[in-house]
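Going by full-length UniProt numbering, the sequence shown opens with residue 1, and the numbers climb by one from there.
Don't take every hint at face value.
In the DSS-like style, the derived pairs of lysine-lysine whose C-alpha atoms are separated by at most 25 Å in a straight line are [claimed, not checked]:
#, residue 1, residue 2
1, K79, K196
2, K196, K75
3, K15, K25
4, K79, K15
5, K382, K134
6, K112, K75
7, K25, K382
8, K313, K75
9, K313, K134
10, K15, K385
11, K134, K201
12, K385, K134
13, K313, K260
14, K260, K134
15, K25, K179
16, K112, K23
17, K23, K382
18, K25, K313
19, K196, K288
20, K385, K313
21, K313, K112
22, K75, K288
23, K313, K79
24, K179, K112
25, K179, K75
26, K112, K15
Restraint ranges, calculated between C-beta atoms of paired labels, are given here [what the hints assert, rightly or not]:
#, residue 1, residue 2, range
27, A294, I205, 30 to 38 Å
28, A294, T259, 40 to 48 Å
29, Q347, D255, 30 to 38 Å
30, A232, L11, 43 to 51 Å
31, F283, K75, 28 to 36 Å
Keep in mind the hints are simulated off the structure, nothing from the lab.
Cβ coordinates follow ideal geometry from the N, Cα and C atoms, glycine included.
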Amino acid sequence: MTYLVQLFLILLLTKIAAHFSVKAKMPSVIGELLVGILVGPAILNWIQPTTFINYFSQLGVIVLMFIAGLEGDLKLLIKYWAPALTVATLGVIFPTGTAYLLCHTAFGFSVKASIFMGLVLSATSVSITVQVLKEMNRLNTREGAIICGAAVADDIICVILLGICPSIYGGGHHTSIIKMIIPMVLFFIIVLLIGKYVVPKFLDIFSDLNASESDTAGAMILCFGAAALAVAMGMSDVLGAYFAGLAISETNYADRLSTKIEPIGYAVFIPVFFVSIGLQISFNGMGKDLLFIALLIIIAILGKQIGCGIGAKMFHLNWTEANIVGAGMVSRGEMALVVANVALQSQLIDQNHYTAMIVVTVITTLIAPIILKLFIMRTQRKEVKMN
């Protein structure tokens with residue numbers, strides 16, 4: 001099947017599936033994820049996660065997080081930095097600790113392997129959460145700001161731990177903590193300075209160019225440039241894209257650029273990203289690991305839900321809002337896959353356990369938006385009663 005036919009099928013089926021998901025009062029992303037499982041190796045095997053799909057899907061998640069930043073509220077993020085950091089920290093400790101106990105005590109994994117399994121479950125990806133928050137108009141709320149801020153902090157914590165653990169256990173490069181942290185600090189300083197002094201002038205210049213859609217092109221240049229800078233500094237590309245969007249959100253161009261970029265992202269790139277997650281599911285050889293996978297899924301969900309929920313409650317959110325924060329941090333994504341791959345390459349886990357971690361990542365990603373929507377709907381019902 002050629003890449004054009006693959007793209008044709010993905011775009012056609014995701015829009016149909018999203019329509020029926022919304023009809024069934026579920027987030028549209030559920031339908032798109034299920035399309036990936038349907039057409040992928042798990043069932044029909046029409047589409048495989050090829051290099052083309054992987055690159056295209058990575059563009060999709062970069063654009064998605066850029067849009068999230070573009071429509072975000074920087075002042076709100078700064079206001080809630082303390083709860084966001086607390087939520088992220090507890091959201092790493094709870095699932096990592098419980099997964100370690102399960103793997104080491106109940107299933108006899110080595111200490112090293114158990115720690116890496118825990119790290120996989122600690123890595124949050126809020127790209128799908130952002131989609132649900134946008135659909136339900138909760139992105140620029142207190143809980144929305146805490147989730148986005150906590151996701152950034154979670155990413156940083158996981159990158160640091162990923163650098164430390166192979167060094168301690170001899171499974172990778174011996175990188176000191178200082179060498180890990182310095183590029184991150186430099187990244188945030190550079191982003192802060194560019195966001196404040198360069199971005200507004202850059203967009204002014206591009207808006208005045210005598211070329212079609214030059215302002216949109218300027219915004220996308222900033223998006224991909226920031227993503228590339230983040231990767232060069234040892235960070236996630238989606239982190240760079242998110243901060244590029246946040247920087248533009250503080251300019252007069254934000255609304256205009258959002259209305260131009262969002263249709264492009266949601267029409268073409270973002271659906272491929274959601275489908276690519278479903279493509280990673282395969283049911284071959286899973287039978288003997290079903291109990292292990294089921295327990296990991298429970299830990300993955302409850303670890304984030306409880307840990308992040310407690311973190312939010314410590315800063316005086318009510319229980320429903322705290323549950324929204326917890327549910328918003330349940331979804332796993334690219335960072336979890338990176339950690340699992342490092343563990344596999346370091347021969348700390350075998351191929352079967354690697355596959356199990358991929359399945360856990362995808363299943364939690366499927367379940368998370370449903371849980372999140374239920375908690376948001378409960379909050380909205382309370383708000384209606386109060387009004």
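Cross-check of the supplied hints:
no.: 1; hint: K79 x K196; in the structure: holds, 18 Å
no.: 2; hint: K196 x K75; in the structure: holds, 14 Å
no.: 3; hint: K15 x K25; in the structure: holds, 15 Å
no.: 4; hint: K79 x K15; in the structure: violated, 37 Å
no.: 5; hint: K382 x K134; in the structure: holds, 20 Å
no.: 6; hint: K112 x K75; in the structure: violated, 41 Å
no.: 7; hint: K25 x K382; in the structure: holds, 19 Å
no.: 8; hint: K313 x K75; in the structure: holds, 21 Å
no.: 9; hint: K313 x K134; in the structure: holds, 23 Å
no.: 10; hint: K15 x K385; in the structure: violated, 34 Å
no.: 11; hint: K134 x K201; in the structure: violated, 29 Å
no.: 12; hint: K385 x K134; in the structure: holds, 23 Å
no.: 13; hint: K313 x K260; in the structure: violated, 38 Å
no.: 14; hint: K260 x K134; in the structure: holds, 16 Å
no.: 15; hint: K25 x K179; in the structure: violated, 48 Å
no.: 16; hint: K112 x K23; in the structure: violated, 46 Å
no.: 17; hint: K23 x K382; in the structure: holds, 23 Å
no.: 18; hint: K25 x K313; in the structure: violated, 28 Å
no.: 19; hint: K196 x K288; in the structure: violated, 55 Å
no.: 20; hint: K385 x K313; in the structure: holds, 22 Å
no.: 21; hint: K313 x K112; in the structure: violated, 32 Å
no.: 22; hint: K75 x K288; in the structure: violated, 50 Å
no.: 23; hint: K313 x K79; in the structure: holds, 16 Å
no.: 24; hint: K179 x K112; in the structure: holds, 22 Å
no.: 25; hint: K179 x K75; in the structure: violated, 30 Å
no.: 26; hint: K112 x K15; in the structure: violated, 43 Å
no.: 27; hint: A294 x I205: 30 to 38 Å; in the structure: violated, 55 Å
no.: 28; hint: A294 x T259: 40 to 48 Å; in the structure: holds, 44 Å
no.: 29; hint: Q347 x D255: 30 to 38 Å; in the structure: violated, 51 Å
no.: 30; hint: A232 x L11: 43 to 51 Å; in the structure: violated, 32 Å
no.: 31; hint: F283 x K75: 28 to 36 Å; in the structure: violated, 47 Å
When held up to the earlier numbered hints, the structure conflicts with 4, 6, 10, 11, 13, 15, 16, 18, 19, 21, 22, 25, 26, 27, 29, 30, 31 and fits the remainder.
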